[in-house]
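Protein sequence lines, in the order shown, are assigned to chains A and B.
Read left to right, the first sequence gives residues 1 to 71 (this note's numbering).
Read left to right, the second sequence gives residues 1001 to 1717 (this note's numbering).
Just so you know, the hints here were simulated from the structure itself, not pulled from any lab data.
Ideal Cβ placement from N, Cα and C applies to all residues, glycine included.
Take these hints with a grain of salt, some might be off.
Derived CB-CB ranges, DEER-like [stated by the list, open to error]:
#1 B:Val1287 - A:Met3: 53 to 59 Å
#2 A:Ser24 - B:Arg1698: 49 to 55 Å
#3 A:Ser24 - B:Arg1500: 18 to 24 Å
#4 A:Leu15 - B:Asn1497: 39 to 45 Å
#5 B:Phe1650 - A:Met3: 52 to 58 Å
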Amino acid sequence: MEMIVSTSVVGIVLLSAVVFAVRSMIRDKRKGKSLQCGGECSHCGLQCSHCGVQYSHCGGKCCQVPKDNRR
Amino acid sequence: MAVRIALAGNPNSGKTTLFNALTGSNQFVGNWPGVTVEKKEGKLKGQKDVTIMDLPGIYSLSPYTLEEVVARNYLLAEKPDAIINIIDGTNIERNLYLTTQIMELGIPVVMAVNMMDLVEKSGDKIHIEKLAEKLGCEAVEISALKGTGIKKAAELAVEAAKNKKSTAPVHEFAAEVEAVIHEAEEMLPEDIPEEQKRFFAIKLLEKDDKISGQMSSVPDVSACIQTLEDAFDDDTESIITNERYVYISKIIGDCVKKEKKQKLSASDKIDRIVTNRFLALPIFALVMFIVYYVSVTTIGDLLTGWTNDTLFGTWIVPGVTKALEAIHCADWLTGLIADGIVAGVGAVLGFVPQMLVLFLFLAFLESCGYMARVAFIMDRIFRKFGLSGKSFIPMLIGSGCGVPGIMASRTIENDRDRKMTIMTTTFIPCGAKLPIIALIAGAFFHNAGWVSWSAYFIGIAAIICSGIILKKTKMFAGEPAPFVMELPAYHWPTIGNVLRSMWERGWSFIKKAGTIILLSAIVLWFLQGFGWVDGRFMMLEAEQLDSSILAKIGNVIAPVFAPLGFGDWKMAVAAVTGLIAKENVVTTFGILFGFGEVAEDGMEIWPQLAATIAPIAAYAYLVFNLLCAPCFAAMGAIKREMNNTKWFWFAIGYECILAYVVALCIYQIGSLIIYGTFGVGTVVAFLLVLVFLYLLLRPYKESSTLNVKMKTVRARS
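Given these sequences and hints, build the entire structure.
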């Protein structure tokens, strides 16, 4: 009985971790972010046309535009 | 009245700093429609009816780069009410080239000479009133960084916009050139505004193939072009460019007084050594050796050793196992968590310290400006082998992650060079391959510094050899594209920026461990933990590993790798799991070599791994994993950038074949030298080396005859 309870609890915790990981990947994919690094794929590897900094995975943080005003 | 003002200027002239100063937080960022060039606009502080558009940094209004096309399409089609042309006062001659073209657009222009604080510091003097008079527009001195003069620049621009008085270009070229331009202007269609006729006429004479998109009808100016080319014995684009610079030189002579003693700047002094014809490459080799030596062998190894041995080996793995046993958790679940997840993910996370140290170095080298020089240095070598330094920039980016490296190849205009760059970018070891390098170096070579350093240079050698071989094929033959790049001044990077860059890359690695690697570890644990024994499907003991599902799969593919020295099914399976993510190679080793069990016994994974194959086979395994097809994410990027299934499979096939051949040669010839082993494999290896040398050294002469099947078509009367 004790084994069933402890196995179930640990199993649920593990399952939650897996579900969380999968959800995180699906959410990133829907936002156009990479599953590998979480960065924005649309700018990946390109040079910022304003300041020349090369995006690698940062998702365009070079020109310090307030995040709320990105569209 | 709503007013639109565009900010135009060279990259790094201070446009964005000025834009941020003028608009504050009242700005929005999006994308220009259909392209991946960012579009930034904002409202002028204190004047909500004034919109400021920050155009992409451009050197000219030619049609060569996406940024240039986007900027000039906006200026021609949207016709903003005024333009603020930002000039870098410390580099005025180059910046004025764009100015001469902007003046021809028929839009009111205000020139903002930026970085005046640096100009004054250097002792130079710019006569701003004379400059304004010579160029025929308002000019104002500003320092966007310090905030001086920007209010005046904005006021002048708004005033110019409201007055709607277009700036007529005052520059004049040589008489013969002006005559031809005038002739071309006469041929333009009626719907071209008078104030823009000069711009369109010059673009047509320059054979600008994209300007026709802005015109209702395109006149035939070939006669004008011929006249000009005959008169100057040069192509029209070069003629016009030369005329612009002659005009700019006259202005500079009258308006700018340079400090007489032009001392070399600190950057120039450093570049004299770092980009020296003979010292550049040895210095680069030394720098990368130090980077990898410190990251993998010394500091990185100390930290990783503690992480593997103490954190995971002594604390986490035994701790988790004991805790689960204490609460009487089922054996299979304990095994999954301890031997699967913790062992697999822990094996990868154990290398985080080394990765962080490596990323710290790379961030420092990038931020200080040295990496830009590397592209310049490599251009000299690459050009001999058919590529240009522009192809090395994606490879530099690929040293972090192959995906942005592949995407960065979009900036290469030449299609053949771009394809070749895409195919070879992943030869440079990315961050995900570092755990493999560190594992092999640690398990087989006592963490010798040369292992990691050699991995990097094998990548570069693979790129160079591939460049030579492929350039001699009809598919890729051709002259490399010209390479022009701006070398930023050296500067001490801020600690915050370096640490942030290091953390961003490190966090990506850790996040991947918590997602893709975690899921892979669970699947791998299942596949190696379950199998058929005496016809029954059951959970296996450690000694029954060879009966597992994974072993069955591995035994099918393992013979392929036997000639390379790693025909053991565990090595084969690890290489295949590396396609999901390269770190999975280490995860697989962590699970298959019983990291959890090993930790209980007090033994490390490394001695177990070292007992599986010989060191030369391990090095061949390392090289195979470095050169073969990259992870699925990078393959996806290759497929997108190639935009052609056939080319995608060609790229993957080329990488796999090259990896196989090189690993084969290393193992077979290495075994001959070290152990005196000689067999069929050795003969094959030598033959492959001969073929490789032939492909590398054979002369290639481009055909001078056009073999095309023609048929005569009789015209109908």
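Okay, the hints, checked on the actual structure:
1. Taking the beta carbon of each, B:Val1287 and A:Met3 are about 58 Å apart, inside 53 to 59 Å as hinted.
2. A C-beta distance of roughly 52 Å is found between A:Ser24 and B:Arg1698, which places it inside the suggested range of 49 to 55 Å.
3. For the hinted restraint 18 to 24 Å between A:Ser24 and B:Arg1500, the CB-CB distance of approximately 22 Å keeps it satisfied.
4. Take A:Leu15 and B:Asn1497: their Cβ atoms lie about 40 Å apart, and the range 39 to 45 Å holds.
5. For the hinted restraint 52 to 58 Å between B:Phe1650 and A:Met3, the CB-CB distance of approximately 55 Å keeps it satisfied.
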